[in-house]
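Could you put together the complete structure from these sequences and hints?
Residue numbers (the numbering used here), protein chains in the order written: chain S, 1 to 153; chain F, 154 to 306; chain U, 307 to 389; chain L, 390 to 472.
Some hints here could point you the wrong way.
[To be verified] Per label pair, the in silico range of CB-to-CB distance:
no.	chain 1	residue 1	chain 2	residue 2	range
1	S	ALA10	F	ARG306	41 to 49 Å
2	U	GLY348	S	ASP45	21 to 29 Å
3	U	GLU323	F	ARG306	49 to 57 Å
4	F	GLN162	S	ASP144	32 to 40 Å
5	F	VAL170	S	GLU107	25 to 33 Å
[To be verified] Think about it this way: if two alpha-carbon atoms lie no more than 30 Å apart in a straight line, the pair counts; the simulated DSSO-like pairs of lysine-lysine are:
no.	chain 1	residue 1	chain 2	residue 2
6	F	LYS295	L	LYS440
7	S	LYS123	F	LYS173
8	S	LYS73	U	LYS357
9	F	LYS295	F	LYS226
I should point out that these hints are in silico values taken from the structure, not numbers from a laboratory.
Here the structure is a predicted model, which is why all the values come from computation and not from measurement.
We put the CB at the ideal spot given by N, CA and C, even for glycine.
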Amino acid sequence: MMVSGARVQAEPFDPSVELKAFSARNVKSGGIATFIGQMRDTSADGETINAMTLEHYPAMADVQLAELIAEAKQRWPLDDVRIVHRVGTLKPGDPIVFVATASAHREAAFHACEFLMDWLKTKAPIWKKESGATGAAWVEAKTDDDRRAGRWR
Amino acid sequence: MMVSGARVQAEPFDPSVELKAFSARNVKSGGIATFIGQMRDTSADGETINAMTLEHYPAMADVQLAELIAEAKQRWPLDDVRIVHRVGTLKPGDPIVFVATASAHREAAFHACEFLMDWLKTKAPIWKKESGATGAAWVEAKTDDDRRAGRWR
Amino acid sequence: MKILYFAWMREKVGRSEEILDPPAGTQTVTQLIDWLAARSAGHGAAFANRKLVKVARDQVHVDHAASIAGAREVAFFPPVTGG
Amino acid sequence: MKILYFAWMREKVGRSEEILDPPAGTQTVTQLIDWLAARSAGHGAAFANRKLVKVARDQVHVDHAASIAGAREVAFFPPVTGG
Chain S
1 MMVSGARVQA EPFDPSVELK AFSARNVKSG GIATFIGQMR DTSADGETIN AMTLEHYPAM
61 ADVQLAELIA EAKQRWPLDD VRIVHRVGTL KPGDPIVFVA TASAHREAAF HACEFLMDWL
121 KTKAPIWKKE SGATGAAWVE AKTDDDRRAG RWR
Chain F
154 MMVSGARVQA EPFDPSVELK AFSARNVKSG GIATFIGQMR DTSADGETIN AMTLEHYPAM
214 ADVQLAELIA EAKQRWPLDD VRIVHRVGTL KPGDPIVFVA TASAHREAAF HACEFLMDWL
274 KTKAPIWKKE SGATGAAWVE AKTDDDRRAG RWR
Chain U
307 MKILYFAWMR EKVGRSEEIL DPPAGTQTVT QLIDWLAARS AGHGAAFANR KLVKVARDQV
367 HVDHAASIAG AREVAFFPPV TGG
Chain L
390 MKILYFAWMR EKVGRSEEIL DPPAGTQTVT QLIDWLAARS AGHGAAFANR KLVKVARDQV
450 HVDHAASIAG AREVAFFPPV TGG
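Have a look at this one:
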C-alpha cells in the first residue's frame with residue numbers, strides 16, 4: 001500500500017526502476033541520495049541462508065512510515081522521499097528496501113536517507129526469518145541498530 | 154576513461170542504468186548507497202540557467218579519482234565503488250555525477266559515498282560554467298564544500 | 307478487543323489474531339499479558355520472556371504500563387528487524 | 390615543459406596549452422608564474438589574482454613555493470567546482 005511516499009509490498013521490485021521514476025519526478029533537485037538493502041546469503045552467525053521471509057503489521061507500518069517521512073521532511077529541506085519495502089519470501093541478492101531522498105542540498109539528502117534507514121531498522125513493524133540448511137530462525141534485533149537510531153534523537 | 158571504478162565522460166548517462174549494473178555486480182553486498190547530482194536550473198545567485206559546460210583535466214582527473222577510490226576503500230570496508238562524472242554541455246535536470254558504494258555495513262556505504270562526494274567537489278579537477286539569459290559565468294568554488302571535505306581529515 | 311501477534315509470538319500462540327473480551331479490571335498492558343499468558347501453553351510460551359515483548363495499542367508503540375482502556379486493537383511482537 | 394590552463398585561466402590566456410622552455414633560474418612555481426605573467430596581456434590577466442591560482446605539477450596538487458625542477462607538465466587552474 002502507498003502512503004505518502006512509502007510502499008510495503010509482497011511483489012519483487014527493481015531499485016533501478018524506482019530510481020528512474022524518482023529522478024524523473026525530481027529533475028529540479030540538485031541531489032538524490034538512495035540506499036538499497038539487499039538480502040545477504042549468510043546470517044549474522046555466518047550460516048548460509050537460502051531464503052528469507054519478511055512479515056509485517058500492515059496497519060501499523062502504514063502509520064509508522066507516513067510519520068517517519070513527515071519527520072524527515074521536518075528535519076531536512078527535502079523535495080521528495082520514497083520508501084519501498086519488500087515483505088514475503090526473498091532469495092539471496094533480492095532487494096529488501098529502497099530509500100530515496102531528493103534535496104537541493106546534498107548533505108540534507110544524505111543525512112535524511114541515513115536517518116530513514118536507521119529508523120526503518122528500529123521502528124518499522126517488520127520481522128525477518130532466515131532459512132538455512134539447519135532450519136529457520138527469526139533474526140534478532142541488533143543493539144547496534146538502536147545505537148545508530150539513537151544518534152538522531 | 155575508466156580507472157579502477159571511475160569514469161569521466163562527455164556522453165550522457167542514465168543513473169538508473171548505472172545502478173542496475175552496480176547492484177548486479179554486487180548482489181552479495183548487504184547495502185548499496187548512491188548519490189546522483191543533477192544540473193539545477195538556477196545559479197547560486199538565483200539566476201535561471203539554460204545550460205552548463207563542464208571542463209576537466211583528463212590526466213589529473215584519472216589520477217585523482219583512482220586515489221580517491223583507494224582512500225575510501227582504505228577507510229571503510231567496501232566491496233565496490235563506482236563514480237561516473239559528466240563533462241561537456243548539459244541541460245537542466247541532466248545527471249552530472251553518480252557515486253555508488255557497496256558494503257556489508259550500511260554505515261560504511263553511506264559514509265564512504267558522502268566522503269567521495271565531498272572530495273569530488275573539492276579535489277577533482279573539473280570546472281563548471283553556467284549559461285543564462287545574461288551570459289555565461291564560471292561557477293565559483295563554495296567555502297562550504299571545503300568545510301565539508303575538511304570533516305574527513 | 308482485537309489481539310494481534312507477529313513473528314515468533316504468532317508462531318508460539320499458534321494464531322495471528324483473536325477477538326477477545328478481557329475481564330473487567332484489565333486496565334494495563336501488563337494485566338492484559340497476565341490474562342493472555344494463562345490462556346494456553348502457546349500463549350504462555352509467547353509471553354515467557356516479557357522483556358522481549360513489544361506492544362502497540364491501536365498501531366502506536368506503548369510500554370507495558372500503558373492503559374488499554376478503550377483500545378480497539380492491541381498487537382504483541384518481538385523487537386523489529388526490518389530495513 | 391608543457392604548460393596547461395583550465396577554465397577561466399584558459400580563456401584569459403587564450404589557449405589550453407603551450408610548450409615552453411622557461412629561462413634557467415626558474416626554480417619554483419612562483420618564479421614560473423612571474424615569467425608566464427609577463428608573456429602577454431592575456432597571461433597577465435590570468436595570473437592577476439594569484440590567490441585564485443591552483444597548480445598541479447605532473448598531475449599532483451602543489452603550492453606556489455613548490456619546485457618545478459624536472460617537471461614535465463605544469464597546470465594552472467581556478468579552484469575546482471566539479472561533483
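Check each numbered hint from earlier against the structure, then list the numbers of those it violates in ascending order.
8
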